Amino acid sequence: MQDSDINQAPGDDLDAGLPVDLARNNEERYFITALARGLEVLACFRSADKALSNQQIAERCGLPKSTVTRFTYTLTRLGYLVQVEAGGKFTLGTATLALGSSMLARLDIRQMARPMMQELADFSGTTVSIAVRDRLSMIYVEVCRSTAALSLSLQVGSRMPLAASAIGRAYLVKTSEQERKEILSRSQELDELAYGAMRDALAKGLADYAQYGCATSFGDWQKDVNGIAVGFYPIGGSQLMSMNCGGPASSVSQAFLLEEVRPRLIEIARRLES
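If you read the sequence shown in our numbering, its first letter stands for residue 2, the second for the next number, and so on.
If you are wondering where the hints come from, they were derived from the structure by calculation, not from laboratory data.
Any given hint might turn out to be false.
[Claimed, not checked] Straight line, CA to CA, 25 angstroms or less: simulated DMTMM-like cross-link-like pairs of lysine to aspartate or glutamate:
no.: 1; residue 1: Lys-182; residue 2: Asp-135
no.: 2; residue 1: Lys-175; residue 2: Glu-190
no.: 3; residue 1: Lys-205; residue 2: Glu-193
no.: 4; residue 1: Lys-175; residue 2: Glu-86
no.: 5; residue 1: Lys-66; residue 2: Glu-86
no.: 6; residue 1: Lys-224; residue 2: Asp-201
no.: 7; residue 1: Lys-175; residue 2: Glu-193
no.: 8; residue 1: Lys-224; residue 2: Asp-50
no.: 9; residue 1: Lys-175; residue 2: Glu-260
no.: 10; residue 1: Lys-224; residue 2: Glu-86
no.: 11; residue 1: Lys-90; residue 2: Glu-60
no.: 12; residue 1: Lys-90; residue 2: Asp-109
no.: 13; residue 1: Lys-205; residue 2: Asp-123
no.: 14; residue 1: Lys-51; residue 2: Glu-86
no.: 15; residue 1: Lys-90; residue 2: Asp-50
no.: 16; residue 1: Lys-205; residue 2: Glu-180
no.: 17; residue 1: Lys-205; residue 2: Glu-190
[Said to hold, decoys possible] Simulated restraints on C-beta separations:
no.: 18; residue 1: Ser-48; residue 2: Gln-119; range: 35 to 43 angstroms
no.: 19; residue 1: Thr-148; residue 2: Glu-60; range: 38 to 46 angstroms
no.: 20; residue 1: Thr-148; residue 2: Glu-86; range: 37 to 45 angstroms
Owing to the predicted nature of the structure, the values given are computational and were not obtained by experimental measurement.
Glycine included, each C-beta is placed from N, C-alpha and C at the ideal position.
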(Lines of atoms letter the chains of each structure in order from A and count residues from 1; the text may use other names and numbers.)
(Lines give C-alpha, C1' and ligand atoms only; values in the text may rest on other atoms or scores of the structure.)
Protein backbone atom coordinates (compact mmCIF):
# COMPACT_ATOMS: atom_id res chain seq x y z
CA MET A 1 0.00 0.00 0.00
CA GLN A 2 1.28 3.47 -0.88
CA ASP A 3 0.42 6.90 0.47
CA SER A 4 -1.96 7.45 -2.42
CA ASP A 5 -4.00 4.52 -1.14
CA ILE A 6 -4.88 6.39 2.07
CA ASN A 7 -8.00 8.53 1.94
CA GLN A 8 -7.37 12.10 3.04
CA ALA A 9 -10.16 14.48 3.93
CA PRO A 10 -10.12 18.01 2.44
CA GLY A 11 -8.07 20.36 4.57
CA ASP A 12 -6.23 17.55 6.38
CA ASP A 13 -2.46 17.68 6.33
CA LEU A 14 -1.18 14.25 7.26
CA ASP A 15 2.42 15.43 6.80
CA ALA A 16 2.05 18.28 9.32
CA GLY A 17 4.55 18.03 12.13
CA LEU A 18 6.43 15.14 10.48
CA PRO A 19 10.14 15.20 11.44
CA VAL A 20 12.45 16.21 8.61
CA ASP A 21 14.21 12.85 8.49
CA LEU A 22 10.87 11.04 8.25
CA ALA A 23 9.55 13.53 5.71
CA ARG A 24 12.48 12.68 3.47
CA ASN A 25 11.70 9.00 3.90
CA ASN A 26 8.14 9.87 2.82
CA GLU A 27 9.53 9.94 -0.72
CA GLU A 28 10.21 6.24 -0.39
CA ARG A 29 7.71 4.01 -2.04
CA TYR A 30 6.56 2.06 1.01
CA PHE A 31 6.36 4.83 3.61
CA ILE A 32 2.73 5.25 4.73
CA THR A 33 2.36 8.70 6.24
CA ALA A 34 -1.08 8.05 7.72
CA LEU A 35 0.22 5.03 9.62
CA ALA A 36 3.14 7.06 10.95
CA ARG A 37 0.79 9.79 12.13
CA GLY A 38 -1.47 7.28 13.87
CA LEU A 39 1.49 5.84 15.75
CA GLU A 40 2.53 9.36 16.74
CA VAL A 41 -0.91 9.85 18.27
CA LEU A 42 -0.45 6.74 20.44
CA ALA A 43 3.10 7.72 21.36
CA CYS A 44 2.08 11.16 22.63
CA PHE A 45 0.43 9.65 25.72
CA ARG A 46 2.57 9.77 28.85
CA SER A 47 2.39 7.69 32.02
CA ALA A 48 1.29 10.76 34.01
CA ASP A 49 -1.62 11.52 31.64
CA LYS A 50 -5.08 10.58 32.90
CA ALA A 51 -6.73 11.44 29.58
CA LEU A 52 -6.13 13.69 26.57
CA SER A 53 -8.53 15.61 24.36
CA ASN A 54 -8.26 15.82 20.58
CA GLN A 55 -6.96 19.37 20.97
CA GLN A 56 -4.23 18.29 23.39
CA ILE A 57 -3.20 15.44 21.10
CA ALA A 58 -3.13 17.81 18.12
CA GLU A 59 -0.83 20.20 19.99
CA ARG A 60 1.56 17.43 21.03
CA CYS A 61 1.72 15.88 17.57
CA GLY A 62 1.70 19.10 15.57
CA LEU A 63 -1.32 17.94 13.57
CA PRO A 64 -4.61 19.62 12.61
CA LYS A 65 -7.39 18.81 15.07
CA SER A 66 -9.56 17.48 12.22
CA THR A 67 -6.86 14.93 11.37
CA VAL A 68 -6.47 13.90 15.00
CA THR A 69 -10.23 13.44 15.33
CA ARG A 70 -10.16 10.90 12.52
CA PHE A 71 -7.22 9.07 14.06
CA THR A 72 -8.72 8.91 17.55
CA TYR A 73 -12.03 7.65 16.14
CA THR A 74 -10.24 4.87 14.24
CA LEU A 75 -7.96 3.95 17.13
CA THR A 76 -10.95 3.82 19.47
CA ARG A 77 -12.79 1.46 17.13
CA LEU A 78 -9.72 -0.80 17.16
CA GLY A 79 -9.32 -0.75 20.95
CA TYR A 80 -6.06 1.20 21.05
CA LEU A 81 -7.85 4.16 22.66
CA VAL A 82 -10.83 4.42 24.98
CA GLN A 83 -13.10 7.46 25.06
CA VAL A 84 -13.79 8.26 28.69
CA GLU A 85 -16.84 10.39 27.91
CA ALA A 86 -18.89 11.21 24.82
CA GLY A 87 -17.10 13.86 22.81
CA GLY A 88 -14.50 14.06 25.58
CA LYS A 89 -11.02 12.81 26.31
CA PHE A 90 -9.20 9.58 25.49
CA THR A 91 -7.00 7.12 27.35
CA LEU A 92 -4.91 4.24 26.04
CA GLY A 93 -6.89 1.05 25.49
CA THR A 94 -6.12 -2.58 26.23
CA ALA A 95 -4.81 -3.21 22.70
CA THR A 96 -1.79 -1.02 23.47
CA LEU A 97 -1.24 -3.00 26.67
CA ALA A 98 -0.90 -6.16 24.60
CA LEU A 99 1.74 -4.51 22.43
CA GLY A 100 3.70 -3.21 25.42
CA SER A 101 3.53 -6.54 27.23
CA SER A 102 4.87 -8.37 24.18
CA MET A 103 7.78 -5.95 23.94
CA LEU A 104 8.67 -6.19 27.64
CA ALA A 105 8.46 -9.98 27.51
CA ARG A 106 11.24 -9.99 24.91
CA LEU A 107 13.56 -8.02 27.19
CA ASP A 108 15.03 -11.04 28.95
CA ILE A 109 17.79 -8.80 30.24
CA ARG A 110 15.34 -7.43 32.81
CA GLN A 111 15.17 -10.81 34.57
CA MET A 112 18.95 -11.11 34.51
CA ALA A 113 19.50 -7.58 35.77
CA ARG A 114 16.84 -7.37 38.48
CA PRO A 115 18.71 -9.17 41.33
CA MET A 116 21.86 -7.11 40.75
CA MET A 117 19.86 -3.89 40.46
CA GLN A 118 17.97 -4.59 43.69
CA GLU A 119 21.21 -5.35 45.53
CA LEU A 120 22.66 -2.03 44.39
CA ALA A 121 19.47 -0.16 45.29
CA ASP A 122 19.50 -1.65 48.80
CA PHE A 123 23.20 -0.90 49.28
CA SER A 124 22.94 2.70 48.11
CA GLY A 125 19.44 3.61 49.31
CA THR A 126 18.62 4.77 45.77
CA THR A 127 16.48 3.90 42.76
CA VAL A 128 18.19 1.83 40.05
CA SER A 129 16.57 1.73 36.59
CA ILE A 130 17.06 0.51 33.03
CA ALA A 131 15.72 2.58 30.14
CA VAL A 132 15.55 2.58 26.34
CA ARG A 133 15.26 5.59 24.05
CA ASP A 134 12.03 6.87 22.52
CA ARG A 135 12.56 10.01 20.41
CA LEU A 136 14.07 12.59 22.76
CA SER A 137 13.22 10.72 25.96
CA MET A 138 14.32 7.64 27.85
CA ILE A 139 11.57 5.23 28.94
CA TYR A 140 12.08 3.05 32.01
CA VAL A 141 11.60 -0.67 31.35
CA GLU A 142 12.79 -1.89 34.77
CA VAL A 143 12.95 -0.17 38.15
CA CYS A 144 14.29 -1.36 41.50
CA ARG A 145 14.13 0.87 44.55
CA SER A 146 15.39 0.62 48.08
CA THR A 147 13.14 0.69 51.10
CA ALA A 148 14.52 4.12 51.97
CA ALA A 149 11.70 6.58 52.49
CA LEU A 150 13.41 9.14 50.24
CA SER A 151 14.02 6.92 47.19
CA LEU A 152 12.64 8.29 43.91
CA SER A 153 9.06 7.25 43.09
CA LEU A 154 9.69 6.30 39.46
CA GLN A 155 8.14 3.30 37.74
CA VAL A 156 8.19 1.29 34.52
CA GLY A 157 6.91 3.60 31.78
CA SER A 158 8.27 6.78 33.36
CA ARG A 159 10.09 9.10 31.00
CA MET A 160 13.31 11.00 31.49
CA PRO A 161 14.60 13.80 29.27
CA LEU A 162 17.45 12.69 27.06
CA ALA A 163 19.51 15.86 27.52
CA ALA A 164 19.10 16.63 31.22
CA SER A 165 19.29 13.15 32.75
CA ALA A 166 22.31 10.96 33.44
CA ILE A 167 20.54 7.98 31.87
CA GLY A 168 19.97 9.97 28.68
CA ARG A 169 23.53 11.31 28.53
CA ALA A 170 24.93 7.79 28.96
CA TYR A 171 22.84 6.75 25.95
CA LEU A 172 24.16 9.65 23.88
CA VAL A 173 27.74 8.65 24.64
CA LYS A 174 27.35 4.97 23.81
CA THR A 175 25.13 5.16 20.73
CA SER A 176 26.35 5.17 17.14
CA GLU A 177 27.35 8.33 15.32
CA GLN A 178 24.43 7.85 12.93
CA GLU A 179 21.91 7.73 15.78
CA ARG A 180 23.50 10.76 17.42
CA LYS A 181 22.99 12.73 14.22
CA GLU A 182 19.35 11.62 14.11
CA ILE A 183 18.84 12.70 17.73
CA LEU A 184 20.45 16.08 17.12
CA SER A 185 18.33 16.53 13.99
CA ARG A 186 15.14 15.83 15.94
CA SER A 187 16.09 18.30 18.65
CA GLN A 188 16.94 20.99 16.09
CA GLU A 189 13.48 20.61 14.58
CA LEU A 190 12.01 21.65 17.92
CA ASP A 191 14.02 24.83 18.40
CA GLU A 192 17.56 26.10 18.80
CA LEU A 193 17.36 25.87 22.59
CA ALA A 194 16.60 22.16 22.46
CA TYR A 195 19.38 21.65 19.93
CA GLY A 196 21.87 23.55 22.05
CA ALA A 197 20.86 21.61 25.17
CA MET A 198 21.33 18.29 23.34
CA ARG A 199 24.77 19.28 22.09
CA ASP A 200 25.77 20.38 25.58
CA ALA A 201 24.45 17.09 27.00
CA LEU A 202 26.57 15.10 24.57
CA ALA A 203 29.67 17.14 25.40
CA LYS A 204 29.00 16.74 29.15
CA GLY A 205 28.47 12.99 28.74
CA LEU A 206 31.67 12.52 26.78
CA ALA A 207 33.64 14.51 29.36
CA ASP A 208 32.12 12.52 32.24
CA TYR A 209 32.86 9.21 30.56
CA ALA A 210 36.47 10.24 29.98
CA GLN A 211 36.84 11.14 33.67
CA TYR A 212 34.57 8.68 35.46
CA GLY A 213 33.55 5.96 33.01
CA CYS A 214 29.89 6.98 33.42
CA ALA A 215 27.54 9.91 32.82
CA THR A 216 26.40 12.21 35.61
CA SER A 217 23.55 14.57 36.39
CA PHE A 218 23.89 16.45 39.66
CA GLY A 219 20.89 18.74 39.94
CA ASP A 220 20.51 19.07 36.15
CA TRP A 221 17.25 17.13 35.75
CA GLN A 222 15.82 18.33 39.05
CA LYS A 223 17.87 20.54 41.32
CA ASP A 224 17.43 18.22 44.31
CA VAL A 225 18.23 14.93 42.50
CA ASN A 226 21.65 13.36 41.85
CA GLY A 227 22.29 10.46 39.50
CA ILE A 228 24.90 8.55 37.51
CA ALA A 229 24.37 6.18 34.57
CA VAL A 230 26.08 3.86 32.12
CA GLY A 231 25.07 2.68 28.65
CA PHE A 232 25.38 -0.97 27.63
CA TYR A 233 24.45 -3.47 24.94
CA PRO A 234 22.89 -6.49 26.71
CA ILE A 235 24.30 -9.89 25.92
CA GLY A 236 22.59 -11.40 22.90
CA GLY A 237 20.86 -8.12 22.03
CA SER A 238 21.50 -5.26 19.66
CA GLN A 239 19.39 -2.57 21.36
CA LEU A 240 21.37 -0.07 23.41
CA MET A 241 20.11 0.47 26.96
CA SER A 242 21.10 2.70 29.85
CA MET A 243 21.11 1.99 33.57
CA ASN A 244 21.13 4.67 36.24
CA CYS A 245 21.31 5.00 39.98
CA GLY A 246 19.94 8.11 41.64
CA GLY A 247 18.17 9.67 44.54
CA PRO A 248 17.48 12.89 46.45
CA ALA A 249 20.57 15.07 46.83
CA SER A 250 19.82 15.39 50.53
CA SER A 251 20.56 11.70 51.08
CA VAL A 252 22.67 10.73 48.05
CA SER A 253 25.74 12.92 47.62
CA GLN A 254 27.89 13.30 44.52
CA ALA A 255 30.86 11.87 46.37
CA PHE A 256 28.95 8.79 47.48
CA LEU A 257 27.68 8.09 43.96
CA LEU A 258 31.10 8.53 42.36
CA GLU A 259 33.20 6.78 45.01
CA GLU A 260 30.94 4.00 46.29
CA VAL A 261 28.19 3.43 43.72
CA ARG A 262 29.99 4.07 40.43
CA PRO A 263 32.27 0.98 40.42
CA ARG A 264 29.33 -1.27 41.31
CA LEU A 265 27.14 0.22 38.57
CA ILE A 266 29.89 -0.17 35.97
CA GLU A 267 30.44 -3.77 37.05
CA ILE A 268 26.74 -4.61 36.66
CA ALA A 269 26.75 -3.18 33.12
CA ARG A 270 29.89 -5.18 32.30
CA ARG A 271 28.27 -8.39 33.54
CA LEU A 272 25.10 -7.74 31.55
CA GLU A 273 27.16 -7.24 28.39
CA SER A 274 29.36 -10.30 28.83
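### Message
Tell me the hint numbers this structure goes against, listed in increasing order.
### Response
Of the numbered hints, 4, 10, 12, 13, 18 do not hold.
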